[in-house]
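Residue numbers (the UniProt record's numbering), protein chains in the order written: chain L, 1 to 188; chain F, 1 to 433.
Bear in mind the hints are in silico, worked out from the structure with no lab data behind them. Ideal Cβ positions, reconstructed from N, Cα and C, are used throughout, including at glycine. Please note: incorrect hints may appear among the correct ones.
If you only want the chain L side, here are some residues facing chain F, beta carbon under 8 Å, derived [unchecked claim]: (1) L23; (2) V29; (3) A34; (4) K39; (5) W42; (6) E64; (7) N142; (8) Q148; (9) Q159.
Stretches of chain L that chain F covers, calculated by requiring three or more beta carbons in the stretch to come under 8 Å of a beta carbon on chain F [claimed, not checked]: (10) 49 to 59; (11) 68 to 77; (12) 109 to 122.
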Amino acid sequence: MPQRNDDVTRRRFLRDGLWGACLAGIGGVAGFAAHKGQKVDWLWQIDPYKCTACGNCATHCVLEESAVKCTHVYGICGYCEICFGFFDPEPFDIHEGAENQMCPTGAILRKFVEEPYYEYTIDRPLCNGCGKCVKGCNAFGNGSLFLQVHHDRCENCNQCAIAAACPAQAFRRVPADQPYLLKSVDHV
Amino acid sequence: MVRPRPILVALAALLVVGVAALGLERFPPPEFETDYVRPTTTAPNPPQGVWEYVDAGVLAVTLVLATVLVLRTRNRKLIFTLMLFCLAYFGFFRDGCVCPIGAIQNVTLTAFDPGYAIPLAVLIFFALPLVFTLFFGRVFCGAVCPLGAIQDAVLIHPVRVPRWLESGLRLIAYLYLGAGVLFAAMGAMFIICRYDPFVGFFRLSGNWEILVFGGCLLLIGMFVGRPYCRFLCPYGVILRQLSRLSRWRVTITPTDCIQCRLCEDACPFGAIRKPTEPWPDKEYKVARRRLAFLLVLLPVLIGAGGWGGYELRQWLALVHPEVRLAQRIYLEENALVEGTTDASDAFRALGRSSDELYAAATQLRDRFGLGGTLLGAFVGCVIGGKLLTLSVKRRRADYEPDPASCLACGRCYAYCPKEHERLKRGREGLIRH
Numbered sequence: 001m002p003q004r005n006d007d008v009t010r011r012r013f014l015r016d017g018l019w020g021a022c023l024a025g026i027g028g029v030a031g032f033a034a035h036k037g038q039k040v041d042w043l044w045q046i047d048p049y050k051c052t053a054c055g056n057c058a059t060h061c062v063l064e065e066s067a068v069k070c071t072h073v074y075g076i077c078g079y080c081e082i083c084f085g086f087f088d089p090e091p092f093d094i095h096e097g098a099e100n101q102m103c104p105t106g107a108i109l110r111k112f113v114e115e116p117y118y119e120y121t122i123d124r125p126l127c128n129g130c131g132k133c134v135k136g137c138n139a140f141g142n143g144s145l146f147l148q149v150h151h152d153r154c155e156n157c158n159q160c161a162i163a164a165a166c167p168a169q170a171f172r173r174v175p176a177d178q179p180y181l182l183k184s185v186d187h188v
Numbered sequence: 001m002v003r004p005r006p007i008l009v010a011l012a013a014l015l016v017v018g019v020a021a022l023g024l025e026r027f028p029p030p031e032f033e034t035d036y037v038r039p040t041t042t043a044p045n046p047p048q049g050v051w052e053y054v055d056a057g058v059l060a061v062t063l064v065l066a067t068v069l070v071l072r073t074r075n076r077k078l079i080f081t082l083m084l085f086c087l088a089y090f091g092f093f094r095d096g097c098v099c100p101i102g103a104i105q106n107v108t109l110t111a112f113d114p115g116y117a118i119p120l121a122v123l124i125f126f127a128l129p130l131v132f133t134l135f136f137g138r139v140f141c142g143a144v145c146p147l148g149a150i151q152d153a154v155l156i157h158p159v160r161v162p163r164w165l166e167s168g169l170r171l172i173a174y175l176y177l178g179a180g181v182l183f184a185a186m187g188a189m190f191i192i193c194r195y196d197p198f199v200g201f202f203r204l205s206g207n208w209e210i211l212v213f214g215g216c217l218l219l220i221g222m223f224v225g226r227p228y229c230r231f232l233c234p235y236g237v238i239l240r241q242l243s244r245l246s247r248w249r250v251t252i253t254p255t256d257c258i259q260c261r262l263c264e265d266a267c268p269f270g271a272i273r274k275p276t277e278p279w280p281d282k283e284y285k286v287a288r289r290r291l292a293f294l295l296v297l298l299p300v301l302i303g304a305g306g307w308g309g310y311e312l313r314q315w316l317a318l319v320h321p322e323v324r325l326a327q328r329i330y331l332e333e334n335a336l337v338e339g340t341t342d343a344s345d346a347f348r349a350l351g352r353s354s355d356e357l358y359a360a361a362t363q364l365r366d367r368f369g370l371g372g373t374l375l376g377a378f379v380g381c382v383i384g385g386k387l388l389t390l391s392v393k394r395r396r397a398d399y400e401p402d403p404a405s406c407l408a409c410g411r412c413y414a415y416c417p418k419e420h421e422r423l424k425r426g427r428e429g430l431i432r433h
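Chain F on its own, in the form it takes in the complex:
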């Protein structure tokens, strides 16, 4: 069969979109002679926005509960139960969206897009875990976050990740945060939501690429505790830093550390730090020189990062659909490629001029130049800062969790003999009364 029509169809489509935009019609609506009445178009209303506020309420209650369980009750079983509840509620029941991790981008878009304002419930989701972290450490990560929970639930045989590897891999999370903020600010895409590995499991549907990625993370997560939280989560990066300043936080022992070393390997996330030995004098001098060198290196790294980010602006800008389109149109107009894509067809159908598109793309590229510089400088700053913290030795007399890395899961409590003593006292006290 001969099929010459597609070209005709395309031409007609071009014509019609133009015509329709002017409000003209090819066939005037009929004047009916019978008493036919035109039906009205009905479109289903969106569900009432009550659920978001219920979610915000549940978030507040679960955060308070998590705080009590982590810092007062110190009971891993109860923390785990709460975690499973949050996995079921925020994850499977409420489909894992909106979450505080993605809300970073909504906040960013609010700041940069004059036409967008963040809904109140999303703002609560963004800010509440931050405030709780400033007061009580990462209780959100430990018991409330559904993404953390799904990984924690599959952790069966934790292996130790060397500290240098852990620090190195964590750079991905910083880069991810920076990129997420940059692309949200540019209005290109919410990449943190687009590549959320577990939302597909919560909904039991989704793109297969993301499902495979999530499945791999869960497989890895059976042996490496919470890989997304530790190496990828952009919100976790913010919580890490705030958690360093928290007023109250997890302590392994309820009273004094007796250096029994029983808790040494308790943490599947490598967050327990050993007591430090005093430095030999000679080594101390070397370390001091190294610190001075790294301090000088920091601005160099920031500068290099900024320069690198600026150089990458062309590639960064390609995430924006407008820039991609402009590139495609340029290639087509200069006969550097053959054929058209859906995007270039749609562009021509709308009747925008290509000069206008090029101007918009150039402007976006310029903005990506600035954005890329800032992103690069941020990454340089993070690398420099990481080197600095790795080279500084904190004095520690006892076994204690690193406030930044501790995910407040409560696993270490049961390892501490002092904790058992406390529990026993508590039980006896209960019996006595």
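So that you can see chain L by itself, here it is in the shape it has in the complex:
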């Protein structure tokens, strides 16, 4: 319903100006962001050199079963017979029985390769990301076991709940075309 009144016309002029300014503002913000823009997504990942395997990953993820799981880089592994990622460093009794194993879910599989070497594999579906093996491997071994966000499970929350709880500030956003921060050494 148009109102022909000088006062209203002035108000309408101001309103239209402000409207245009807002539209231009949104366009400006969008243009700036698109100019800086990035086609790929950002994903959360753990820097394994910062991670202290505190255990928050297992409990703070919004998923019932955490998206963080242990990853094993075989090239760094010493294939130790007495592996403290596999065995509890404080055993009840000195033998290789299951009660001395470190992993609370039995997610680490041990396979004999040759004397005195054993291969260790993570049974991914069983791993809950508690980091106990990571702590043991870091303390007494080569650190070939470490935690990573597994992107088939990760919900990619805009604010990762584990990142907010991470005491080592080891979580950071990584571009989706390089979604993992795997440890590496020269000879691998």
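Following the hints, position chain F against chain L.
Frame of chain L, contents of chain F only:
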């Protein structure tokens, strides 16, 4: 059993992290005599990024549909159906993330962090509802936003919230927006996502604190329409202001208002404004003086807010994990607390010097000084502006929705007798053809 090991473990961990960082190994990788081949590490790939663009497409289509339903069809049932679809799709199917509300922070981080650029889909999510609001009012809130939808779906017995209380509570939303932007700009945290009350329901999992908070909001929401949208939503604050300027917007009556008063209590969100009586001359003079006083008060409030924000910088800075860590390390080094935390252990394991950490924390505190000043000034400006708008009386001849508060839910249409007349005409027209 004696357990002296933890200390040893910690010491060894310190050593190893240092060693590992240098690329050295305690046990050299074995030379196998058998033909054993080392397996390669496989890590599952992230899902292909097609879904975000599907989401952006669905967002565009649902916004167009919402506009048509709210402004042309004017049918509450269809709007409600679309709202339920969006709740199911954006909420339960797509897990409610990313949403335009959280995208505010991504845009902010893009502006302040040189290493971060916003993904295109998130940018679309941020900008599209804003543009639609500039043209058509808050159709996004009414029918598309899953957070609004989950509250709207549980609203069974709306009670009226007094206007002064509503205006007061809404200040929380402004404060939340300011804090969300500040903490995102500082790279501290995305608090709007961290404390999103409904995402836990969409995913059927989450931290219990947030689930309880969301549950409380839904309980309140059964009687107070959409409490998150009205009193907390930071994106809603932006949409409010843009909606004041919108080209087209919800009108209760399709033609002329006949002042029947039937729609007076129709709005569960208190957005319907009554026609105003002309002011008595005496009252007008008082009001004019009050307005002048408030105009003078505005810069005072802005200044006071800025000063208050600056004074609060120490507490604001504590949201940043680096500052919290520096504080903890300081306390530990000066033997003001006993023991260590996970964070201080991790700090020592990395081998950074505490001076470096203190310097970083001081720099952050300074930046929070500026940020806190701006946040405080913003809050002061909002309070002053609110007082001004409350003291100004707009002339209104008809019952109309307040463009800022109207959430475009379409509930009021059915209350208008003129609307029934329009619908009847439409039906007759259909029959005639």
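Hint E64(L) vs chain F: min CB-CB distance below 8 Å?
holds, 5 Å
| task | So, Q159(L) near chain F? Judge it on the closest CB pair being under 8 Å. | result | Hint on Q159(L): holds, closest Cβ of chain F at ~4 Å, below 8 Å.
Interface hint status, K39(L) versus chain F (Cβ within 8 Å):
holds, 6 Å
Can you tell me if the segment 49 to 59 of chain L counts as covered by chain F, using C-beta to C-beta distances under 8 Å and a minimum of three residues? holds (count 5)
Is the interface hint for W42(L) satisfied, with its Cβ closer than 8 Å to some Cβ of chain F? holds, 7 Å
For the segment 109 to 122 of chain L, do three or more residues have a beta carbon lying closer than 8 Å to a beta carbon of chain F?
This one holds; 5 residues, not fewer than the three required, reach chain F with a Cβ under 8 Å.
* Do three or more residues from the segment 68 to 77 of chain L put their C-beta atoms closer than 8 Å to C-beta atoms of chain F? -> Per the Cβ count (7), the hint holds.
- Query: Regarding the hint that Q148(L) lies at the interface with chain F, is the smallest CB-CB distance below 8 Å?
  - Reply: holds, 6 Å
Discussion item. Hint validation: A34(L) versus chain F, beta carbon distance must be below 8 Å. Holds or violated?
Written reply: holds, 6 Å
Q) Any CB of chain F closer than 8 Å to the CB of L23(L)? A) holds, 6 Å
Review point. Holds or violated: is there a CB of chain F closer than 8 Å to the CB of N142(L)?
Key: holds, 5 Å
Minimum Cβ distance from V29(L) to chain F below 8 Å?
Cβ of V29(L) sits 6 Å from chain F, so the hint holds.
Going down the numbered hints, you'll see the structure goes against none, and every one checks out.
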